[in-house]
Amino acid sequence: MRKRSPRRDKFKLYGELLSIISQESDKEKLILSKLQNRLNVPYDRFKLYLSELKRLELVEDEVSLKLTEKEREFLCEYKRIRDFLKRIGLGEHF
Amino acid sequence: MNPYLLLTLVSIHAAAVTLCVVILYFMAKPFRATGDTKYLGLPLGFGFLGLSHVLSASTFFTPLPYLSVVAYLQLFARSFAFTFLAITYYFSGSTSEKSRIARNITLSILIVASTLAFIIIVASPWLAFSTFQVAEVYTRVFNVACLVYMAVYTLRSHVRKPDPTTIWIPQSYILLAVSQFLLFVWGIDHSYAAFGGAMALLLLGLTVFVIVSYQAFCCTDRKVGHDAQEKP
Numbered sequence: 003m004r005k006r007s008p009r010r011d012k013f014k015l016y017g018e019l020l021s022i023i024s025q026e027s028d029k030e031k032l033i034l035s036k037l038q039n040r041l042n043v044p045y046d047r048f049k050l051y052l053s054e055l056k057r058l059e060l061v062e063d064e065v066s067l068k069l070t071e072k073e074r075e076f077l078c079e080y081k082r083i084r085d086f087l088k089r090i091g092l093g094e095h096f
Numbered sequence: 002m003n004p005y006l007l008l009t010l011v012s013i014h015a016a017a018v019t020l021c022v023v024i025l026y027f028m029a030k031p032f033r034a035t036g037d038t039k040y041l042g043l044p045l046g047f048g049f050l051g052l053s054h055v056l057s058a059s060t061f062f063t064p065l066p067y068l069s070v071v072a073y074l075q076l077f078a079r080s081f082a083f084t085f086l087a088i089t090y091y092f093s094g095s096t097s098e099k100s101r102i103a104r105n106i107t108l109s110i111l112i113v114a115s116t117l118a119f120i121i122i123v124a125s126p127w128l129a130f131s132t133f134q135v136a137e138v139y140t141r142v143f144n145v146a147c148l149v150y151m152a153v154y155t156l157r158s159h160v161r162k163p164d165p166t167t168i169w170i171p172q173s174y175i176l177l178a179v180s181q182f183l184l185f186v187w188g189i190d191h192s193y194a195a196f197g198g199a200m201a202l203l204l205l206g207l208t209v210f211v212i213v214s215y216q217a218f219c220c221t222d223r224k225v226g227h228d229a230q231e232k233p
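As you go down the protein sequences, you meet chains A and B in turn.
Using our numbering, the letters of the first sequence correspond one by one to residues 3 to 96.
Using our numbering, the letters of the second sequence correspond one by one to residues 2 to 233.
Since the hints were made in silico from the structure, they are not lab data.
Note that beta-carbon positions come from the ideal geometry of N, C-alpha and C, so glycine has one too.
Check before you lean on any hint, since a few could be wrong.
Have a look at the derived ranges for each label pair, beta carbon to beta carbon [claimed, not checked]: (1) B:T38 x A:N39: 29 to 39 angstroms; (2) A:S27 x B:T166: 21 to 31 angstroms; (3) A:S27 x B:G36: 48 to 58 angstroms; (4) A:S53 x B:V113: 37 to 47 angstroms; (5) A:S53 x B:G188: 56 to 66 angstroms; (6) A:C78 x B:L7: 39 to 49 angstroms; (7) B:K162 x A:K49: 32 to 42 angstroms; (8) B:A16 x A:K31: 54 to 64 angstroms.
Derived pair list, reagent style DSS-like, types lysine-lysine, alpha-carbon separation capped at 30 angstroms [to be verified]: (9) B:K30 x A:K72; (10) A:K88 x B:K99; (11) B:K162 x A:K12; (12) A:K31 x A:K14; (13) B:K30 x A:K56; (14) A:K14 x A:K36; (15) B:K162 x A:K36; (16) A:K72 x A:K36; (17) A:K68 x B:K30; (18) B:K99 x A:K49; (19) B:K99 x A:K12; (20) A:K68 x B:K99; (21) A:K72 x A:K88; (22) A:K68 x A:K56; (23) B:K30 x A:K88; (24) B:K30 x A:K14; (25) B:K99 x A:K14; (26) A:K12 x A:K29; (27) A:K88 x B:K162; (28) A:K31 x A:K88; (29) B:K162 x A:K49; (30) B:K162 x A:K68.
Could you put together the complete structure from these sequences and hints?
Written out as structure tokens, the structure is:
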């Protein structure tokens, strides 16, 4: 039986989503279903997260998913916190 | 008391408070960013630890009738500090809803208990005076137990995923545990060697925390580009 992945909070979800978008951004076209698969969430929730990212001004629009300066700052902070939690022994479940 | 000795002791506690404040600043970041109570114990723990050293330093200037109250408060503050930290590690393993509720209840109880303990000690100083020696022994043993638990937890985490950056925190907890143990010894034999060793290890342990936190938050920028290639 496939092990159920642990519950993620919003900060982690958005961090993961933005990391995926950042990695895929050098490609010519972003395929939403591919991003959704990598994030491992249902499509309706994935769309909801994208709207939330737009509302928070972390992406320019929900179609091109161009990253904003605010997103880059968020991603930096996300990685710093993830690294910090890993260093203090709390990163396994983050 | 010899003024030089007094100055040294106050300086040690002042250094410990400064280190705790710096660590508190870094420890508050995960909670501020996520808003998750899972990380609330970290800033609370180092906040209480800093408070305990403020109280320790203030015992040198406290009039005799209030001395036992301040001494008792610092004892409790330190134990609550290590309890908050141990609780954070204990509940970090599970992400289920049940665990979240249990964590929130435990944190709430601890916050209420710490507030009540402080009120009771301040309101009834005679209670503190009569039982201080016994309480000191129990709290030191409890502190060592909490620190050993955190050292083992972080060491196991390091062994599961070995990484040169994760070995420092278990060592830091071990240093703090030995420091608390030496304070326990000092409580029995009143030797300056035990007290001096305890203070040196305490400062060393806290310094390791500051260095680890600083490296994570202030030296990670260079790695962001590289990290972007890894899977989330």
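Against the structure, the hints come out as follows:
no.: 1; hint: B:T38 x A:N39: 29 to 39 angstroms; result: 31 angstroms, holds
no.: 2; hint: A:S27 x B:T166: 21 to 31 angstroms; result: 28 angstroms, holds
no.: 3; hint: A:S27 x B:G36: 48 to 58 angstroms; result: 28 angstroms, violated
no.: 4; hint: A:S53 x B:V113: 37 to 47 angstroms; result: 40 angstroms, holds
no.: 5; hint: A:S53 x B:G188: 56 to 66 angstroms; result: 60 angstroms, holds
no.: 6; hint: A:C78 x B:L7: 39 to 49 angstroms; result: 45 angstroms, holds
no.: 7; hint: B:K162 x A:K49: 32 to 42 angstroms; result: 34 angstroms, holds
no.: 8; hint: B:A16 x A:K31: 54 to 64 angstroms; result: 57 angstroms, holds
no.: 9; hint: B:K30 x A:K72; result: 18 angstroms, holds
no.: 10; hint: A:K88 x B:K99; result: 24 angstroms, holds
no.: 11; hint: B:K162 x A:K12; result: 25 angstroms, holds
no.: 12; hint: A:K31 x A:K14; result: 25 angstroms, holds
no.: 13; hint: B:K30 x A:K56; result: 24 angstroms, holds
no.: 14; hint: A:K14 x A:K36; result: 19 angstroms, holds
no.: 15; hint: B:K162 x A:K36; result: 29 angstroms, holds
no.: 16; hint: A:K72 x A:K36; result: 24 angstroms, holds
no.: 17; hint: A:K68 x B:K30; result: 27 angstroms, holds
no.: 18; hint: B:K99 x A:K49; result: 28 angstroms, holds
no.: 19; hint: B:K99 x A:K12; result: 19 angstroms, holds
no.: 20; hint: A:K68 x B:K99; result: 39 angstroms, violated
no.: 21; hint: A:K72 x A:K88; result: 24 angstroms, holds
no.: 22; hint: A:K68 x A:K56; result: 10 angstroms, holds
no.: 23; hint: B:K30 x A:K88; result: 14 angstroms, holds
no.: 24; hint: B:K30 x A:K14; result: 14 angstroms, holds
no.: 25; hint: B:K99 x A:K14; result: 20 angstroms, holds
no.: 26; hint: A:K12 x A:K29; result: 26 angstroms, holds
no.: 27; hint: A:K88 x B:K162; result: 10 angstroms, holds
no.: 28; hint: A:K31 x A:K88; result: 33 angstroms, violated
no.: 29; hint: B:K162 x A:K49; result: 34 angstroms, violated
no.: 30; hint: B:K162 x A:K68; result: 35 angstroms, violated
In the structure shown, a violation is registered for the earlier hints numbered 3, 20, 28, 29 and 30, in ascending order.
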